[in-house]
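Engineer: Given next are the chains, with one letter for each unit.
Protein chains: 2
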Amino acid sequence: MQQTNVKRLMLDVRIWLSQGAAAIRQQINLPLQVTTKSGPNDLVTNLDKSNEQFLVAQIRKAYPDAHIVGEEGFGDQVTDLKGLVFFVDPIDGTLNFVKQHNDFATMIGVYEDGQPLVGAIYDVMADQMYWGGPELGVFENMHQLSRPADLHLKDGLFGMNGPMLAANGYQMAAVLKHSSGARIIGSAGIEFTRLITGREVGYVSQLAPWDFAAGRVLAETLGLKVGQIDGQPVDMLAKQPVMVATPTVFQEVLDLQTHTAD
Amino acid sequence: MQQTNVKRLMLDVRIWLSQGAAAIRQQINLPLQVTTKSGPNDLVTNLDKSNEQFLVAQIRKAYPDAHIVGEEGFGDQVTDLKGLVFFVDPIDGTLNFVKQHNDFATMIGVYEDGQPLVGAIYDVMADQMYWGGPELGVFENMHQLSRPADLHLKDGLFGMNGPMLAANGYQMAAVLKHSSGARIIGSAGIEFTRLITGREVGYVSQLAPWDFAAGRVLAETLGLKVGQIDGQPVDMLAKQPVMVATPTVFQEVLDLQTHTAD
Numbered sequence: 008m009q010q011t012n013v014k015r016l017m018l019d020v021r022i023w024l025s026q027g028a029a030a031i032r033q034q035i036n037l038p039l040q041v042t043t044k045s046g047p048n049d050l051v052t053n054l055d056k057s058n059e060q061f062l063v064a065q066i067r068k069a070y071p072d073a074h075i076v077g078e079e080g081f082g083d084q085v086t087d088l089k090g091l092v093f094f095v096d097p098i099d100g101t102l103n104f105v106k107q108h109n110d111f112a113t114m115i116g117v118y119e120d121g122q123p124l125v126g127a128i129y130d131v132m133a134d135q136m137y138w139g140g141p142e143l144g145v146f147e148n149m150h151q152l153s154r155p156a157d158l159h160l161k162d163g164l165f166g167m168n169g170p171m172l173a174a175n176g177y178q179m180a181a182v183l184k185h186s187s188g189a190r191i192i193g194s195a196g197i198e199f200t201r202l203i204t205g206r207e208v209g210y211v212s213q214l215a216p217w218d219f220a221a222g223r224v225l226a227e228t229l230g231l232k233v234g235q236i237d238g239q240p241v242d243m244l245a246k247q248p249v250m251v252a253t254p255t256v257f258q259e260v261l262d263l264q265t266h267t268a269d
Numbered sequence: 008m009q010q011t012n013v014k015r016l017m018l019d020v021r022i023w024l025s026q027g028a029a030a031i032r033q034q035i036n037l038p039l040q041v042t043t044k045s046g047p048n049d050l051v052t053n054l055d056k057s058n059e060q061f062l063v064a065q066i067r068k069a070y071p072d073a074h075i076v077g078e079e080g081f082g083d084q085v086t087d088l089k090g091l092v093f094f095v096d097p098i099d100g101t102l103n104f105v106k107q108h109n110d111f112a113t114m115i116g117v118y119e120d121g122q123p124l125v126g127a128i129y130d131v132m133a134d135q136m137y138w139g140g141p142e143l144g145v146f147e148n149m150h151q152l153s154r155p156a157d158l159h160l161k162d163g164l165f166g167m168n169g170p171m172l173a174a175n176g177y178q179m180a181a182v183l184k185h186s187s188g189a190r191i192i193g194s195a196g197i198e199f200t201r202l203i204t205g206r207e208v209g210y211v212s213q214l215a216p217w218d219f220a221a222g223r224v225l226a227e228t229l230g231l232k233v234g235q236i237d238g239q240p241v242d243m244l245a246k247q248p249v250m251v252a253t254p255t256v257f258q259e260v261l262d263l264q265t266h267t268a269d
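Those protein sequence lines, which keep their order, are chains A and B. Count along the first sequence starting at 1, add 7, and that's the number in our numbering. Count along the second sequence starting at 1, add 7, and that's the number in our numbering.
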């Protein structure tokens, strides 16, 4: 195992996200080149691509031995988690970026031999950076976050996505009914920031590794639970239904998967 | 018809909302007295009540002949819309206020003989005031908003509420399917601000007059359409399913109500 300088790495990651976001902010009101990927609402813009290229270039320069998993394909073909692995999401919530011009995030999560090391989620338009790791604690800008209360489902808001709720996937109608209410934000990164600040008690969505890698580092550091919807550990190299929740809510939602009567 | 001084009224409304919000901000991190109304997630706090009392007192002092419709019952029993009527929502999105400490609004809408005169929606934690009326135009703080593009459903995000989507009320599953995506924010006031800034193309929810009175003034001033989900005009003295949307989306959603095949 490498002896990574975690504080240097953490500052590198935060500065790169800041530098990349400056270009996004400058260009957000110019005409975007928007193209679709898997469907009409799976968008990618020139700024997703240019920001990933920028972030990947910084990582390669500073950490030439590391491997990179990037959403837009400028990283490596990563098949195992040995050594240092960077997960890069250049714009999480591209639909919000294009349609709302807010509620999107840029994110980097770094793992060493498969273990969470540091993560950062940058809410670009709000200029709020959520960052940290197991050795550092978790911060919102320069305000250190404390561990969110281990609330029950009935006492908190639950983040979902629209098609999953409409189709009652993973018993989301029952999850909604047993919670204080549902929220749909449209960005996994922003959802994770709501969990770590105690604003929501759970969130479920179909996520790729770059969608949850940074959030997982921060959430687990603060005592939240991250796993697949069947209770299995997440796979850092696959797309899967991921849940992040307070430990109590995590178990309550697992129980709802097998008790479908209500 | 009274000769109301619209500019004086507009400034009065904005200053009262600002003064009331100062108290909310000061007390948001103190223990709240939370009680329930119609159900476990229909909350009211001591700050909903104290802010409505404050706003009602200011209105009565400055406009003694006006009538007041207030969410928490400190207004009048209003049975017609003659003269000047103030609709007061002291905290819209109380569940967000309690659970998230953001994404809630304070709102006042003023009508004269049933016609929209001025409205203001204050996103308290973001310190963003959306205000205006037919004689003034609409502003976000001191930035004048232009008319949002008359987009189609397929080109924009649509605001809903969770139980309505889960139960497919008013064909919300089809609305979702034909849109770019669904968002659930949990505050009618914040939803209206997303419509008037062009971030969403439509929003449907079951709303009371204080939930939509201010938003209706701003939305209609900017060429958006506000009506019941069956296309009828809204009733300013009843709770009802209200839609606000671009003119094109309004018609598309009406069409989906009668063509349920997909």
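Don't read these hints as lab results, they were simulated from the structure. Don't take every hint at face value.
Intra- or inter-copy, both count: the list cannot distinguish identical chains.
[Claimed, not checked] In silico DSS-like pairs for lysine-lysine, Cα to Cα no more than 27 Å straight-line:
1. K44 - K68
2. K246 - K14
3. K161 - K56
4. K161 - K44
5. K232 - K68
6. K44 - K184
7. K44 - K89
8. K161 - K14
9. K14 - K89
10. K232 - K56
11. K56 - K246
12. K89 - K184
13. K14 - K184
14. K161 - K68
15. K184 - K68
16. K161 - K89
17. K14 - K44
18. K44 - K232
Engineer: Each of the hints needs a verdict: does it hold here or not?
Structural biologist: Here is how each hint holds up against the structure:
1. For a Cα distance limit of 27 Å, the shortest separation of K44 from K68 qualifies neither inside one copy, at 29 Å, nor across copies, at 59 Å.
2. Taking the shortest alpha-carbon separations for K246 and K14, neither the intra-copy value of 30 Å nor the inter-copy value of 55 Å comes in at or below 27 Å.
3. In this assembly of identical chains, the alpha carbons of K161 and K56 lie at most 27 Å apart only when taken from different copies (24 Å versus 41 Å within one copy).
4. Taking the shortest alpha-carbon separations for K161 and K44, only the inter-copy value of 16 Å comes in at or below 27 Å, while the best intra-copy value is 37 Å.
5. Taking the shortest alpha-carbon separations for K232 and K68, neither the intra-copy value of 34 Å nor the inter-copy value of 53 Å comes in at or below 27 Å.
6. In the homo-oligomer, the alpha carbons of K44 and K184 lie at most 27 Å apart only across protomers (17 Å), although the nearest pairing inside one protomer, at 34 Å, exceeds that limit.
7. Taking the shortest Cα distances, K44 and K89 never come within 27 Å of each other, neither inside one copy (30 Å) nor across copies (55 Å).
8. Taking the shortest alpha-carbon separations for K161 and K14, neither the intra-copy value of 39 Å nor the inter-copy value of 45 Å comes in at or below 27 Å.
9. In this homomeric assembly, K14 and K89 come within 27 Å of each other (Cα to Cα) only inside a single copy, at 21 Å, whereas the closest approach across copies is 66 Å.
10. For the homomeric pair K232 and K56, neither the shortest alpha-carbon distance inside one copy (31 Å) nor that between copies (37 Å) is at most 27 Å.
11. Taking the shortest Cα distances, K56 and K246 sit within 27 Å of each other inside one copy (20 Å), while across copies they are farther apart (47 Å).
12. In this assembly of identical chains, the alpha carbons of K89 and K184 never lie at most 27 Å apart, being 42 Å within a copy and 41 Å across copies at closest.
13. Within a single copy, K14 and K184 get their C-alpha atoms no closer than 43 Å, and across copies no closer than 45 Å, so neither meets the 27 Å cut-off.
14. With identical chains, the CA atoms of K161 and K68 are never at most 27 Å apart, being 48 Å at best within one copy and 42 Å at best between copies.
15. Taking the shortest Cα distances, K184 and K68 never come within 27 Å of each other, neither inside one copy (50 Å) nor across copies (44 Å).
16. For the homomeric pair K161 and K89, neither the shortest alpha-carbon distance inside one copy (40 Å) nor that between copies (43 Å) is at most 27 Å.
17. In this assembly of identical chains, K14 and K44 lie within 27 Å of each other by CA distance neither inside one copy nor across copies; the values are 36 Å within and 50 Å between.
18. In this homomeric assembly, K44 and K232 never come within 27 Å of each other (Cα to Cα): the closest approach is 31 Å inside a single copy and 33 Å across copies.
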